[in-house]
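Engineer: Single-letter residue listing:
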Amino acid sequence: MSETDPRLRKMFEAVAQAIIAHADELTELDSAIGDGDHGHNMTRGMQAVLGELDALVAKPWNEALKAAGMQLVMKVGGASGPLYGTLFMTLGKSLDTPPTRDGLAAALHAAIEAVMARGKASAGQKTMLDVLVPVSEAVSAGRSSAEVAEVARKACAATKEMLATKGRASFLGERSVGHIDPGARSSQIMIETIAEQLGDAK
Amino acid sequence: MSDVALTAEVLLEHEVGLHARPSVKLTKLAKTFRSRIDVSPGPDGPWIDAKSIVKVMGARAPKGTVLHFRAAGEDARAALDALVALVRNDFETGAAGEAE
Amino acid sequence: MSNVGIVIVSHSPLVAEGTADMVRQMVGDEVPLAWCGGDPDGGLGTSVEAILAAIDRAWSEAGVAMLVDLGGAETNSEMAVEMLPDARSGKVVVCNAPIVEGAVVAATEASGGASLQEVRRTAEELSAL
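Taken in sequence, the protein lines are chains A, W and D.
Per our numbering, the first sequence starts with residue 1, numbered consecutively.
Per our numbering, the second sequence starts with residue 1001, numbered consecutively.
Per our numbering, the third sequence starts with residue 2001, numbered consecutively.
Just so you know, these hints were derived from the structure itself, not from any lab.
What you are looking at is a predicted structure, and each value in this text was computed from that prediction instead of being measured.
Using N, Cα and C, we set each Cβ at its ideal position, and we do this for glycine too.
One or more hints might be untrue.
To be verified - One side of the interface only, derived from the structure: several residues of chain D facing chain A at Cβ under 10 Å:
#1 Asn2003
#2 His2011
#3 Pro2013
#4 Glu2017
#5 Gly2038
#6 Asp2039
#7 Asp2041
#8 Leu2044
#9 Gly2072
#10 Met2083
#11 Asp2086
#12 Ser2089
#13 Gly2090
Just need the whole structure built from these sequences, with the hints factored in.
Structural biologist: Here's what the structure looks like:
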C-alpha cells in the first residue's frame, strides 16, 4: 500500500505513543475526580489506531482522520470514545487534503463545535473543551506551533482550579477543585505532540 | 367519561399492594381492551387511566384497598370481569383474559 | 404487528442483565429485548460497538427504545444511534428515564403494541413524577 503523505504516519504514531506513555498519569488524574479509567481507555483506543496504521496512512488526510475517529469511537469506551471520535471524525470531514493552515483553523472550530454538541458541554466546565477552545482560538489567530502548545499547557494547568459542572467529576462539586481534568490533559498531550510534529511548518 | 360507564370493585389482597409487578399485569391486561378504563383506590376517585403503567404504579394502593374500576366502550363488561378476576387471583399469571 | 424493542445500556453488565431479567419476568417475552454493559476489557463502561450489536439483537420494524444509565452511556448511545444506517437511525430513541423503572414501563407499554413515541413518552413520564 502506498502512503499518501509520510507526515501522516509520523503524526499518528507520535500522538498514539504520547498518549500511551502518559497512560498512568491520565489514570491517576481520573482516579482523583472520575472513575479512573481514562488512561486505560485512551491506551486501548490508541493501540487500535496503531493496529490500523498501515490502512490509515494509505488514505488521504481527511479519510485517515475519519477512520481514526471511528477506531476511537469503537475502542475507547466511556464518554471519551465518542468525544475524541467525534473530534477526529469532524476534523476529517472538515479538513482540506492536504491540510492548509486556514483549513486547519476552520476544521478545528467545526470539530470543537461537534464535541460540544456531543457532550452537551461548553468551555468553563472543567473538560477537554477548556484546552481545545483556547487552542482553536490561538490557531485561528495565526499563532506558531510553539505558541499554540504553550496555550494548551496553560489552559490545561488552569483546569486545576476549575469547578467541574459536567461529566462524572461534577458529582464531586467543590471537591473537583484542585485536580487537573484528565480529558484536558489528554487533549493537551495530543496538541503538544501535534505542535512538535508540525514544528514551524505552515 | 360518559354516564354509561360500567363499574366494578374488588378488594386488593395482594401482600404488598399494587406494587410494580401487579401494576404491570393490571396495565397490560387493561391495554388488551378497547374500552376506556379507569381505576381508583376509592369510590370517589381520584380516577386514573388503568392503561397507564406509570400512573397505576404511582398510585401505590396498599393491601386492603377496595379498587374501583369503571369502563366505557364496546368491551367494557369483559374488561371489568377480566380485571376483577386478575385482582381476585392475586395477579397470578394465567388469570382470565390475560392471554392475548 | 411487531412490538417496539427495548435496549438496556449500563456501565455494569450486572445492572444491565439484572434489569433485563426484571423486564422478562415482569412483562414477558412479547418485546424484543437486548442489553449490554461493561467495557471491552470487562471493567465498568459502555462501548458503541456493543450498543450497536444490542440494537441489532432487539431490532424491530416498530423501532427500538433505549434505557441508559449515567453520562457515558448516554453519550455512547447517542453516538451509536447516529452511526446506524439511515433506514434505522430514525427508529431508535434514547429515553430520558431511570434505567430500571424506565425499562419495565417502556416494555409494558411496548408489549401492548404501542408506537415508539408512545413507549418513549410513557418511560419519560417517570421523570415527571
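Engineer: Hints numbered earlier in the text: which of these fail when held up against the supplied structure?
Structural biologist: 1, 3, 4, 11, 12, 13
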